[in-house]
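Taken in sequence, the protein lines are chains A and B. Quick note: the first sequence uses this note's numbering, first residue 1, plus one each step. Quick note: the second sequence uses this note's numbering, first residue 1, plus one each step.
Worth flagging that the hints you see were computed from the coordinates, not collected in a lab. Each hint should be verified, as a subset may be incorrect.
Identical copies carry no separate label here, and so any pair may be met within one copy or between two of them.
[Unchecked claim] Under the rule of at most 30 Å between Cα atoms (straight-line distance), these lysine-lysine pairs were calculated in the DSS-like manner: (1) 181 to 268; (2) 268 to 364; (3) 323 to 181; (4) 364 to 181; (5) 323 to 346; (6) 346 to 364; (7) 268 to 346; (8) 364 to 323.
2 protein chains.
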Amino acid sequence: MNTNTDAVLAELDRAFPAAEARLVEWLRIPSVSAQPAHAADCRRAGEWVLAQLTALGFTGSLRETAGHPVVVAHHPGPGTAAGPHLLFYGHYDVQPPDPLELWHSPPFEPTIVEGPNGPRVVARGAVDDKGQVMMWLEALRAWHATTGGIPVRCTVLVEGEEEIGSPSLDPFLAANAAELKADVAVISDTGMWDVNTPALSTRLRGLVYTQIDLTCANRDLHSGMYGGLALNPLNLLTRILGGLHDDNGVVQVPGFYEGIIDPSPAQKAEWNSLGFNEAQFLGEIGLTRGIGEGNRGALERLWSRPTADLNGVWGGYTGDGSKTVIASQAHAKLSFRLVPGQDPDKVVAGLRQFLADRLPEDAKVEVQVFGASPGIEIPADSRFVQEARAALAAEYGRPAVLIGCGGSIPVVESMRRLLGLDSLLMGFGLTDDQVHSPNEKFDLTCFRHGARSHARLLGRLAGG
Amino acid sequence: MNTNTDAVLAELDRAFPAAEARLVEWLRIPSVSAQPAHAADCRRAGEWVLAQLTALGFTGSLRETAGHPVVVAHHPGPGTAAGPHLLFYGHYDVQPPDPLELWHSPPFEPTIVEGPNGPRVVARGAVDDKGQVMMWLEALRAWHATTGGIPVRCTVLVEGEEEIGSPSLDPFLAANAAELKADVAVISDTGMWDVNTPALSTRLRGLVYTQIDLTCANRDLHSGMYGGLALNPLNLLTRILGGLHDDNGVVQVPGFYEGIIDPSPAQKAEWNSLGFNEAQFLGEIGLTRGIGEGNRGALERLWSRPTADLNGVWGGYTGDGSKTVIASQAHAKLSFRLVPGQDPDKVVAGLRQFLADRLPEDAKVEVQVFGASPGIEIPADSRFVQEARAALAAEYGRPAVLIGCGGSIPVVESMRRLLGLDSLLMGFGLTDDQVHSPNEKFDLTCFRHGARSHARLLGRLAGG
Numbered sequence: 001m002n003t004n005t006d007a008v009l010a011e012l013d014r015a016f017p018a019a020e021a022r023l024v025e026w027l028r029i030p031s032v033s034a035q036p037a038h039a040a041d042c043r044r045a046g047e048w049v050l051a052q053l054t055a056l057g058f059t060g061s062l063r064e065t066a067g068h069p070v071v072v073a074h075h076p077g078p079g080t081a082a083g084p085h086l087l088f089y090g091h092y093d094v095q096p097p098d099p100l101e102l103w104h105s106p107p108f109e110p111t112i113v114e115g116p117n118g119p120r121v122v123a124r125g126a127v128d129d130k131g132q133v134m135m136w137l138e139a140l141r142a143w144h145a146t147t148g149g150i151p152v153r154c155t156v157l158v159e160g161e162e163e164i165g166s167p168s169l170d171p172f173l174a175a176n177a178a179e180l181k182a183d184v185a186v187i188s189d190t191g192m193w194d195v196n197t198p199a200l201s202t203r204l205r206g207l208v209y210t211q212i213d214l215t216c217a218n219r220d221l222h223s224g225m226y227g228g229l230a231l232n233p234l235n236l237l238t239r240i241l242g243g244l245h246d247d248n249g250v251v252q253v254p255g256f257y258e259g260i261i262d263p264s265p266a267q268k269a270e271w272n273s274l275g276f277n278e279a280q281f282l283g284e285i286g287l288t289r290g291i292g293e294g295n296r297g298a299l300e301r302l303w304s305r306p307t308a309d310l311n312g313v314w315g316g317y318t319g320d321g322s323k324t325v326i327a328s329q330a331h332a333k334l335s336f337r338l339v340p341g342q343d344p345d346k347v348v349a350g351l352r353q354f355l356a357d358r359l360p361e362d363a364k365v366e367v368q369v370f371g372a373s374p375g376i377e378i379p380a381d382s383r384f385v386q387e388a389r390a391a392l393a394a395e396y397g398r399p400a401v402l403i404g405c406g407g408s409i410p411v412v413e414s415m416r417r418l419l420g421l422d423s424l425l426m427g428f429g430l431t432d433d434q435v436h437s438p439n440e441k442f443d444l445t446c447f448r449h450g451a452r453s454h455a456r457l458l459g460r461l462a463g464g
Numbered sequence: 001m002n003t004n005t006d007a008v009l010a011e012l013d014r015a016f017p018a019a020e021a022r023l024v025e026w027l028r029i030p031s032v033s034a035q036p037a038h039a040a041d042c043r044r045a046g047e048w049v050l051a052q053l054t055a056l057g058f059t060g061s062l063r064e065t066a067g068h069p070v071v072v073a074h075h076p077g078p079g080t081a082a083g084p085h086l087l088f089y090g091h092y093d094v095q096p097p098d099p100l101e102l103w104h105s106p107p108f109e110p111t112i113v114e115g116p117n118g119p120r121v122v123a124r125g126a127v128d129d130k131g132q133v134m135m136w137l138e139a140l141r142a143w144h145a146t147t148g149g150i151p152v153r154c155t156v157l158v159e160g161e162e163e164i165g166s167p168s169l170d171p172f173l174a175a176n177a178a179e180l181k182a183d184v185a186v187i188s189d190t191g192m193w194d195v196n197t198p199a200l201s202t203r204l205r206g207l208v209y210t211q212i213d214l215t216c217a218n219r220d221l222h223s224g225m226y227g228g229l230a231l232n233p234l235n236l237l238t239r240i241l242g243g244l245h246d247d248n249g250v251v252q253v254p255g256f257y258e259g260i261i262d263p264s265p266a267q268k269a270e271w272n273s274l275g276f277n278e279a280q281f282l283g284e285i286g287l288t289r290g291i292g293e294g295n296r297g298a299l300e301r302l303w304s305r306p307t308a309d310l311n312g313v314w315g316g317y318t319g320d321g322s323k324t325v326i327a328s329q330a331h332a333k334l335s336f337r338l339v340p341g342q343d344p345d346k347v348v349a350g351l352r353q354f355l356a357d358r359l360p361e362d363a364k365v366e367v368q369v370f371g372a373s374p375g376i377e378i379p380a381d382s383r384f385v386q387e388a389r390a391a392l393a394a395e396y397g398r399p400a401v402l403i404g405c406g407g408s409i410p411v412v413e414s415m416r417r418l419l420g421l422d423s424l425l426m427g428f429g430l431t432d433d434q435v436h437s438p439n440e441k442f443d444l445t446c447f448r449h450g451a452r453s454h455a456r457l458l459g460r461l462a463g464g
């Protein structure tokens, strides 16, 4: 099979200008999912990718949803039972390009510009996610061109609502779970460590998002008439939530740290060796020092430690000047980033307990929960992670690092919950790609090495 | 002079129906200062009171301001140097009557209704402040009718912007300080303890009102990307302001309690003897227990202890649902009710110190001060308080109580600051008068005894 892989890589290099042209063609379609005026463009972008797959022998269609359609296509692979069944995931929709005046070239007229890493394509969706989808699509195409087939069984799912929160995805996965069943989900929507260092994302933080509503008196009060006798919900809110952390930054919600799966010492050592520049990272946002547990490295805190952050607070008078009011109510949005091992439901229960323990007789509290998803860890010793690491090492001449992500990628949680699938997060974005911002770009070197890495992975999984 | 006073009281009783008719006439003028459409009515209400004073031998005029005119009138009294010089203060403007549909009779068609204390007049301005002004005006009229003159030297100042925050008053007092100089300001805009118990208000709380703006990062951040490393200003705001009080409710601002003049044990005993029903007071607003220092009575806490109350907090995402943002800024409106002896400037300085002591390196704080006025105590042993107590005791057959007020009355502070005058706060309102609400009323028994009390006071000050 190595022979095949070598031929596939040669084909990829030979046909790279054509691959670049195909990416540019797809980028010209302004598939902005948030804007109803672009609904037809979204469908066109889905049809475009479906046509690419059909040309490679896939059988598929646009599947209707309450919103934009989902592209689903299947290829049986070589027909042997040996290899795994892959589910490739991506999205054909893009963010709105606003503000337009900050773009140096029109967002839907892809432009090749020279950058520090060589040529790059500048367009909305260049890396998020059309460029990343095109890498595995070009890898499949090169296999098809070289061997006349696809080396493993594949299902492809490309949705059109990722940039608006994927409202139709969970219902679609649930309704088509049997059809979409595979051995692993391959998702290209993440990043490299840097342009020379490939990465797999194996840890994602989860999220519990709540709203806390405190009520004291049955109406707003005059602070002259009642101040000093009447319980003030804003004083109470700050008092209770001001105690969310102790002096060392440890979250005081009962049971909060229970079950946390710490990264292995080897994993921590790998993170610490990455040379993450915390001072520069914080300096860019006007800060000089990180918060959190000082005995843990910055990446360890970001990728493997949970948080409790107020995302909003409000209550009482918030206009200009003064109003001597004691409010009846106070409100807060409070969210927790969770790490693998924490149980989101237990965190919610712990929060309720934390509040109840501190609530005086005359106050009422309500807690709304807007979301509760666990942190996710993809086992480093899984077959797919190991094969991907080897493929990346072969392509880049250096080991791929296993990194984390401080946020969550909802599709990863959905794949696990609804299809029982782990995800392989092999992405080729760089931190300066301007994702969701004007002048979004994708370095062509990332595009080329990414496609080659996917081709190598397919070869290995096919039994190379 | 006692002979004169007795005759004056007889005249007041004889002419009471006419006094009632005059009050009704004044109440028919819809002098709503907040509404430009009523500007002419405001002027007419001022002219009306000026005409009443002129008929008693006063010399005066309407004085123009940036807003509604001020009525100023002078009477030399009997021309001897013996008696004091009084400055009567009141206001001819009224609150808007809305919501109109909740009135049982039209707000500017005064109606006599029978109530638990006998007949009452229902109209906007009945007690606030036309009824209260008419009490001293009727007392002066009865003196004039009985003796042909006014027994002490008087200046009268009736403004037309009290209900909109008296924007022209301070400039007017400052510009006319020499003309308005007197020995005491007599202000009838406060209340009795109950319908049978006269009261003088001798303690008012002051107010320091601030806005606190905290800034951490130079822009809003994604909580997935930065949570656990970046300082969160909302977490910080609750942490700092949650420590504003200790577990016993003691305010932690440095020097906050310095200089406080405690009421005398006799004064506290008087307050405790008033039978204030804290449970009922709080029950009406849905609370069951008062906050604050448990070893002090409710009235003592309300009238003689300072507070620190958040009047508003805001920052971050406050809309529906969730947004995983770490805000750049957090804000709070924080005010302090001050008691006599506290220095407002020192409280502001203490607040700045309190914040600075708790501010981490990466946070910036700005403090805006929207007002800083001291608590005011009118000495119980002053001649005017003593004479007023005696007048009230004679009229009601029971001692007048010296009460406090949890709020501030800005004109009292202005009189002290700009004219160097203490105020005598002798008022005859009741707690059920519906001030600023639909169906505002004034009990005629309060009106009659109030006018008689003023007549007695004039007699005593004239040397009775």
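Consistency of the hints with the structure:
Neither within a single protomer nor between protomers do residue 181 and residue 268 lie at most 30 Å apart by alpha-carbon distance, with minima of 33 Å and 79 Å respectively. In this homomeric assembly, residue 268 and residue 364 never come within 30 Å of each other (Cα to Cα): the closest approach is 43 Å inside a single copy and 34 Å across copies. Neither within a single protomer nor between protomers do residue 323 and residue 181 lie at most 30 Å apart by alpha-carbon distance, with minima of 60 Å and 32 Å respectively. With identical chains, the CA atoms of residue 364 and residue 181 are never at most 30 Å apart, being 46 Å at best within one copy and 53 Å at best between copies.
Taking the shortest Cα distances, residue 323 and residue 346 sit within 30 Å of each other only across copies (22 Å), while inside one copy they are farther apart (40 Å). In this assembly of identical chains, residue 346 and residue 364 lie within 30 Å of each other by CA distance solely inside one copy; the values are 21 Å within and 36 Å between copies. When the C-alpha separation of residue 268 and residue 346 is checked against a cutoff of 30 Å, the pair qualifies only within one copy, where the shortest distance is 27 Å, while the shortest distance between copies is 51 Å. Taking identical chains as interchangeable, the C-alpha atoms of residue 364 and residue 323 lie at most 30 Å apart whether they share a chain (24 Å) or sit on different chains (25 Å).
Violated hints, listed in ascending order, are 1, 2, 3 and 4; each of the other numbered hints is respected by the structure.
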